[in-house]
Every structure is written in C-alpha cells, then in structure tokens.
Amino acid sequence: MKYKSQRVAYWFFALSMLLLSLQIIYGFIMGFAHMGYDGLHSIIPFNTARAVHTNLLVVWLLSGFMGAAYYIIPEESENELVSVKLAYIQLISLAAVGVTAIVGYHFNYWEGRKFLEIPRPLDWLVVLNVLTFLGIILATLYKGKKRTTTALVLTMGLVFAALLYLPGMIWFDNQTMDSFFRWWVVHLWVEGVWELIMGGILAFLLIKITGVDREVIEKWLYVIVGLTFISGILGTGHHYYYIGVGKIWLIVGGIFSALEPLAFLAMALFAVAMYRKGEKKHPNKMALNWTLGTSIVSFVGAGLLGLAHTLPQVNMYTHGTLVTAMHGHLAFWGAYGMIVFSIISYTMPNLTGRKFFDSTTGQLAFWLSNIGMLGMTTAFGVAGVAQVYLERKVGIEFGEVQTEIQVHFLILVLCATMFTSGIALFIYEFIKYGRPTEEALAPSPMKANVISPVI
Amino acid sequence: MLSKSQAKIFFLGGTVVTFAIFLALSWTSLSHEVPKRTHEENLSQQVIKGKVLWEKNNCMGCHTIMGEGAYYAPELTKVYDRRGEGFINAVLTSKIPWQPRGRQMVAYGFSKEDAANLTAFFKWIGETDLNGFPAKPDLKK
Ligand code: HEM
Ligand code: HEM
Ligand SMILES: [Fe+2]
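Those protein sequence lines, which keep their order, are chains A and B.
Going by UniProt numbering, the first residue of the first sequence is number 1, and it counts up by one from there.
Going by UniProt numbering, the first residue of the second sequence is number 1, and it counts up by one from there.
So that you can see chain A by itself, here it is in the shape it has in the complex:
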C-alpha cells in the first residue's frame, strides 16, 4: 500500500468475512428445512433464517465494497483518507446496526419486505452510516490530486446506491405500490448501480494486475457501465410483469432485460482481453484468478441464468419458484461475492507485506468454492424446473411437489459443504496474512515486488 490510511480497508474486509460465515450457517438451516429437517423451527423459524441469510449477504457485500473504496480512493486520488478515525467509527456503527437488525429478526422485529426487512427506525441509522462513509470518500476525492475515471465510476455507484435506498423507505398502503418501489432498491441496485461498483473495482484491479494502459481500460469501463444502465434501468420492467401494473412492462421489461446480459458479457470479454494484452508479470496469481473468475461467473450467473427466465412467457411459470433461487445464488456469488474476494486477494499482500501470492490453499479455496456454488446452482435449478413443471404446468398441489423434490436439497447441502470448505480455506488464508503492518508501506508497488521471493 502507498497510503497509511488504506489499512482501514482491512477491518472492513474482516467484518465482511465474519458476516459471510454467519450467512452460510443460516443457509444450512434453510437447506435442511427444505429437506424436511426443521428441528430449529421453534427458535429459528424459516422466515427468520431467510431474513438473516439475505441481509447478512447484503451487509457483507456492502462492507466489502466500503473496504474496497477505502483502499482504492486514496490510491487513485493520491491522497490520504480525510479522517481515519471517522472511518473506524463508521465501521463500528455499520457492524452495530447490522448486528442489531439480525438479532431483531429473531424476535419478530422486522418488516416483511423481501430484502428490505430492516425496520424503518433502523433504516435511518443505515442512512446516517452511509452518509458518513460517502462524506469521507467524497472529501478525499475532492481534496485529492487526481480524479480518475475508475474512482469516479466507483464513487458514482456508491452514491447512487445510497440514493436508491430511499424509495424503499416510503410506506404504501397498496401492496402493488410497495412492491413497485421495492424494486427501485433491489433491482436497480444489483442490475444497475452495483455494476458500477463492480466495474470500478474490476477496472482498478485490471490496471494494477495486467499493466494495460489506464486510458484503454477506462474507455471500456464507460462502455460497460453504459450498457448496464441502458439495459438495466428499463429492465426493471421484468419485475413488473405480474404485480398489478400495466401491460406495457411486458414489452419494455422483456426487451430491455433481455439486453442486460450484454453488460456482463462485455465485462467478461473485457477482463479476458486485458489479461491477454497485459504483461502477465504480476506475481499475485490469486488476485488474477478471482478477477477473471468474477467476470466469467457473473456472466453465467447473472447474464445467462437471468436471461433464462426473463422473458414474460417463461417468467409467467417460473416467477417466484426455486428457479429464481438458482439464479439468485450464482448471480450474487459470481458478480458481488467474487469481486469482493478479488479485491481482498489483491490487497492483502499489499496491506500486510506478506506475500502468499500463489499458495495451494488459495487455489483450493478458489476451486472448491466455485465448483461447490455451481453444484448448488444446479441443485436449485433441478428442483426449480421440477417444481415449475409439476406445480405450475401439471397443477399438483404445492406441498406434494415439495415432498417430491426434497432429495435435491440433499444434493444442495452436499454441494454447500464443498462451497463452505472453500470459504473456510479462504478465511484461513485471510487470517494467516495477519494484520496490516507499517513495513507494508511501500513507496511504490514495484518495490514490494522486487524483494518478493516469488519472482
């Protein structure tokens, strides 16, 4: 690292890994419940497990994004963070709000609106927290020497994400209106502004890892985020097919959401092309794996598996079934889970000064988690297609179909175990790296490479 304040990132990454571990535990609880073993029902009923699982997901990803921003913005703007102390306060308050919400879910303190279960009073604390974060980032950028496209795209993603949280806080008496604006948060996040965050981090990593000229990388970054918004904003319509709004969304949503995979395809082609073009000299092979991995897996999970059920004719039958869960898992993992893993893999050697660039443990972590997640996706997919056929086409009753597809959840849990062992190895490496150190402060990143035993 070049700037002392960048080390704040480490603690956001640590929080991120902690919350991910908890998320997985609740995933298993639901996996077993689907299999017919809901032994924890009286303490952690399914709806509690689910709210905890998905909210922890969002918080660990946000914590990862914030860590990424605290690392990237100083380096891109050539300026220390304006206040390290405030950044730590923001970290602690993020953890506090997150934990309060999660604990509350065990005591019926929530609002049952999928993904937005955080009760409104706590929402205000979230807003305060995010404003603090944005304040630090924007002030650092403003006072910095440079404002690069990479930094601007990343920051724009973060600012828009904060703004889009607000429509989700409005109360509506009408369920249709409620749902309509809930998608402004959920959809416009994952298929809009979060892609800017992902694109910004990806561009930063490619500049560092491949050594390709910044101008070239940033030009394509604009093209990618352009494709994202042009398809993704009107693509919101794919959630408006069947919730009580007009037929126009069947057409608009169908066409534009079918274009959304282009942005992910562009990201994959871009990452691979830059890698080919680059020097291939950077020693951090793990960071490279995750960076190329995220661009490819996000295309499969978000792009292809999203496309699979985005046309209204298909969605009529798959809407709100396990097919959705299949797509949700690989999309979130490939795009946002893996980009957080990429930035962690890239920054850890720089933050701590220890260079485990290409360990067997690291390789195993990568392959086990990815193959495990692909297996989970397949299990959800098979269960989902069977459900759609039996329940929605043949008309067999819900419960009967669920009993019929229980066996796929055995496979899900087995694959989830493989996934979890990959994550455990990744976290093991993370801990092995230790804390950030003063020695890691290199005047230039090249110096760190010269003394590295790897080259």
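Among the hints, a few may not be true.
[Stated by the list, open to error] The list that follows gives simulated cross-link-like pairs (lysine-lysine, BS3-like), each with its CA atoms no further than 27 Å apart:
1. K141(B) to K114(A)
2. K247(A) to K56(B)
3. K8(B) to K277(A)
4. K123(B) to K393(A)
5. K247(A) to K95(B)
6. K8(B) to K114(A)
7. K36(B) to K114(A)
8. K114(A) to K49(B)
9. K4(B) to K114(A)
10. K393(A) to K285(A)
11. K219(A) to K8(B)
12. K247(A) to K4(B)
13. K4(B) to K393(A)
14. K114(A) to K56(B)
15. K140(B) to K145(A)
16. K247(A) to K78(B)
17. K8(B) to K143(A)
18. K219(A) to K4(B)
19. K49(B) to K393(A)
20. K145(A) to K2(A)
21. K280(A) to K355(A)
22. K393(A) to K432(A)
23. K4(B) to K208(A)
24. K280(A) to K4(B)
25. K78(B) to K141(B)
26. K4(B) to K277(A)
27. K393(A) to K78(B)
28. K143(A) to K4(A)
29. K8(B) to K393(A)
30. K146(A) to K8(B)
31. K8(B) to K145(A)
32. K146(A) to K4(B)
33. K285(A) to K2(A)
34. K393(A) to K355(A)
35. K123(B) to K78(B)
36. K208(A) to K145(A)
37. K208(A) to K393(A)
38. K219(A) to K2(A)
Everything labelled a hint here was simulated from the structure, so no lab data went into it.
For this one, chain A is given, so just place chain B with the ligands on it according to the hints.
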C-alpha cells in the same frame, strides 16, 4: 475507433435517456393503471391492517405473494379463492403449528379480528389484475 470521450457520452447520454423514459412510464403506470387494476376503492382500513400484519410477521419470509417472497410455503395471491375464509381463519388462529406433510408454519394464534384483517387483505389482493398470474396449469387433466 471509439475514443474515451465518445464512450463517456454513450454512458451519460444512454443513462439520461433511458432514465427519463423509465420515469415517464412509471408515472403513467402508477397514476393511471394501478388504481384501477388494484381496485384502490376497495382498500379498506381492514385490508390495510391486514397488510401491516403481513409485514409485521414477515409472512413473505416463507410464502410468496404476487410471486414475491420465499419458496418454502405456498403462493398466497389466490388463497382466498382456493381455500375460502373458514380454512384461512383456522390456520391463522391455530395455537399449534399448522403442519401439512410435516412442514411447519409458525403458530401465530392470531385473534379473530387479526385473522379477519389478514383475510380481507387476501381477498383484496386476489382481485387485483396481475396479467394472468398465476397461470392456469395447462397440462392438468
Ligand atoms: C449481478 C446481477 C444480478 C443479481 C445479483 C441478481 C439477483 C436476483 C435475485 C436475488 C432475484 C430474486 C429477487 C426477488 O424475488 O426478490 C432475482 C430475480 C430475477 N432476476 Fe436477477 N440478478 C442479477 C442479474 C440479472 C440479469 C442480468 C437478469 C436478466 C437477464 C436477471 C433476471 C431476473 C429475473 C427475470 C428475476 C425475477 C424472477 C422471478 O420472477 O421470480 N437478473 N435476481
Ligand atoms: C453455503 C450455503 C448456502 C445454502 C445452503 C443456501 C441456501 C439457501 C436457501 C435454502 C435459500 C432459501 C430459498 C427459499 O426461499 O426457499 C436461500 C436464499 C438465498 N441465498 Fe443462499 N445459501 C447458501 C449460501 C449463499 C451464498 C454464498 C449466497 C450469495 C452469494 C446466497 C444468496 C442467497 C440469496 C440471494 C437468496 C434469496 C434468493 C431468492 O429469493 O430468490 N446464499 N439460500
Ligand atoms: Fe432484476
């Protein structure tokens, strides 16, 4: 070849144009279509109380409504038609977990009044025009 500034214009221009269309479409949907399709005149205090209960208990954490929610328990948009008032009341007021085929629901033990509010909510939502969702099972013999 495309230059960086052209790429930037593509991004900014595309965003502004699509966002403007999105806002216009949203406006017409919400102001003209939703009130009719959802029969806003039927949105009684009882229905609204039902919605509050729906959220307060995170029913969406197991069920779907209008296809949104979780995949652990049945779709409820048409439950009023499918099961009728008596059945729904029995499930909601039950003090022991309702468990068809072993899969348990939380035993809410709602009061008669709360159960009636939720039932009103289901009745209202069952009447909204959802462009044909849920589809009729077309292979059913
Ligand atoms: C990284 C990007 C993406 C993530 C993280 C993601 C995640 C999700 C999640 C979690 C849901 C369930 C939402 C809910 O029911 O509340 C969902 C639904 C959906 N997604 Fe995505 N998605 C992404 C990209 C895409 C893309 C690019 C497409 C289309 C090409 C797509 C198509 C859909 C459709 C059609 C649904 C609705 C499913 C239903 O009717 O039940 N998604 N997505
Ligand atoms: C490793 C263990 C995991 C298991 C066993 C697991 C299992 C599950 C189950 C059973 C559901 C509920 C489906 C339902 O409503 O019936 C669920 C929901 C969800 N999980 Fe996981 N999960 C795991 C890890 C993950 C990870 C790592 C991610 C993200 C990267 C993730 C993202 C999600 C999302 C987005 C949903 C909501 C999906 C939707 O509503 O369509 N899960 N998970
Ligand atoms: Fe979407």
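Hints and how they fare:
1. Using a Cα cut-off of 27 Å, the hinted pair K141(B) and K114(A) is violated, with the two alpha carbons roughly 35 Å apart.
2. For the suggested pair K247(A) and K56(B), the alpha carbons sit about 31 Å apart, so the restraint of at most 27 Å is broken.
3. A threshold of 27 Å between alpha carbons decides the hint, and for K8(B) with K277(A) the separation of about 23 Å falls inside it, so the pair holds.
4. Between the alpha carbons of K123(B) and K393(A) the distance comes to roughly 25 Å, so the proposed pair stays at or under 27 Å and holds.
5. Of the pairs offered as hints, the one joining K247(A) and K95(B) is violated, with about 42 Å between alpha carbons and a cut-off of 27 Å exceeded.
6. Our distance criterion of 27 Å between C-alpha atoms is broken by K8(B) and K114(A), whose separation comes to about 35 Å.
7. The straight-line distance between the Cα atoms of K36(B) and K114(A) is roughly 25 Å, inside the 27 Å bound, and the hint therefore holds.
8. With a CA separation close to 19 Å, the supplied pair K114(A) and K49(B) stays within the 27 Å bound.
9. Taken as a hint, the K4(B) and K114(A) pair is broken in the structure, with Cα atoms around 40 Å apart against an allowance of 27 Å.
10. Proposed proximity of K393(A) and K285(A) is contradicted: the alpha carbons are some 48 Å apart, above 27 Å.
11. Only pairs whose Cα atoms come within 27 Å are accepted, and K219(A) paired with K8(B) is accepted, the gap being roughly 8 Å.
12. Of the supplied pair hints, the one linking K247(A) and K4(B) is violated, its CA atoms being roughly 39 Å apart against a limit of 27 Å.
13. Taking the CA atoms of K4(B) and K393(A), the gap is about 50 Å. The hint is violated against a cut of 27 Å.
14. The straight-line distance between the Cα atoms of K114(A) and K56(B) is roughly 12 Å, inside the 27 Å bound, and the hint therefore holds.
15. Restraint check: the Cα-Cα separation between K140(B) and K145(A) comes to about 68 Å, which exceeds 27 Å; the hinted pair is violated.
16. Between the alpha carbons of K247(A) and K78(B) the distance comes to roughly 20 Å, so the proposed pair stays at or under 27 Å and holds.
17. Annotation: proposed proximity of K8(B) to K143(A) holds, straight-line Cα distance about 24 Å (limit 27 Å).
18. Pair hint K219(A) plus K4(B) holds up; C-alpha atoms about 5 Å apart against a cutoff of 27 Å.
19. With a C-alpha separation of about 34 Å, the suggested pair K49(B) and K393(A) falls outside the 27 Å cut-off, and the hint is violated.
20. Between K145(A) and K2(A) the alpha-carbon distance is near 14 Å, which keeps this suggested pair within the 27 Å criterion.
21. Taking the CA atoms of K280(A) and K355(A), the gap is near 17 Å; set against the 27 Å cutoff, the hint holds.
22. About 52 Å separates the Cα atoms of K393(A) and K432(A), which puts this hinted pair outside 27 Å; it is violated.
23. Restraint check for K4(B) and K208(A): satisfied, since their Cα atoms lie roughly 19 Å apart, inside the 27 Å limit.
24. A C-alpha spacing of about 25 Å is found between K280(A) and K4(B), which places the hinted pair at or below 27 Å, so the restraint holds.
25. Proximity of K78(B) to K141(B) is assessed by CA-CA distance (about 21 Å); at most 27 Å being required, the pair is judged to hold.
26. Taking the CA atoms of K4(B) and K277(A), the gap is near 18 Å; set against the 27 Å cutoff, the hint holds.
27. The hinted pair formed by K393(A) and K78(B) meets the criterion: a straight-line CA distance of about 17 Å does not exceed 27 Å.
28. At most 27 Å may separate the alpha-carbon atoms for a hinted pair to count; K143(A) and K4(A) meet this at roughly 16 Å.
29. The hinted pair formed by K8(B) and K393(A) fails the criterion: a straight-line CA distance of about 47 Å is larger than 27 Å.
30. Distance restraint check for K146(A) and K8(B): the Cα-Cα separation of roughly 18 Å lies within the 27 Å cut-off, and the hinted pair is therefore satisfied.
31. Restraint check: the Cα-Cα separation between K8(B) and K145(A) comes to about 22 Å, which is no more than 27 Å; the hinted pair holds.
32. This hinted pair checks out: K146(A) and K4(B) have alpha carbons roughly 17 Å apart, not beyond 27 Å.
33. Proximity of K285(A) to K2(A) is assessed by CA-CA distance (about 21 Å); at most 27 Å being required, the pair is judged to hold.
34. Distance restraint check for K393(A) and K355(A): the Cα-Cα separation of roughly 55 Å exceeds the 27 Å cut-off, and the hinted pair is therefore not satisfied.
35. Distance restraint check for K123(B) and K78(B): the Cα-Cα separation of roughly 8 Å lies within the 27 Å cut-off, and the hinted pair is therefore satisfied.
36. Using a Cα cut-off of 27 Å, the hinted pair K208(A) and K145(A) holds, with the two alpha carbons roughly 19 Å apart.
37. Of the pairs offered as hints, the one joining K208(A) and K393(A) is violated, with about 51 Å between alpha carbons and a cut-off of 27 Å exceeded.
38. Under the criterion of a C-alpha separation no larger than 27 Å, the hint pairing K219(A) with K2(A) is consistent with the structure, at around 26 Å.
Checked against the numbered hints given earlier, the structure breaks hints 1, 2, 5, 6, 9, 10, 12, 13, 15, 19, 22, 29, 34, 37 and satisfies all the rest.
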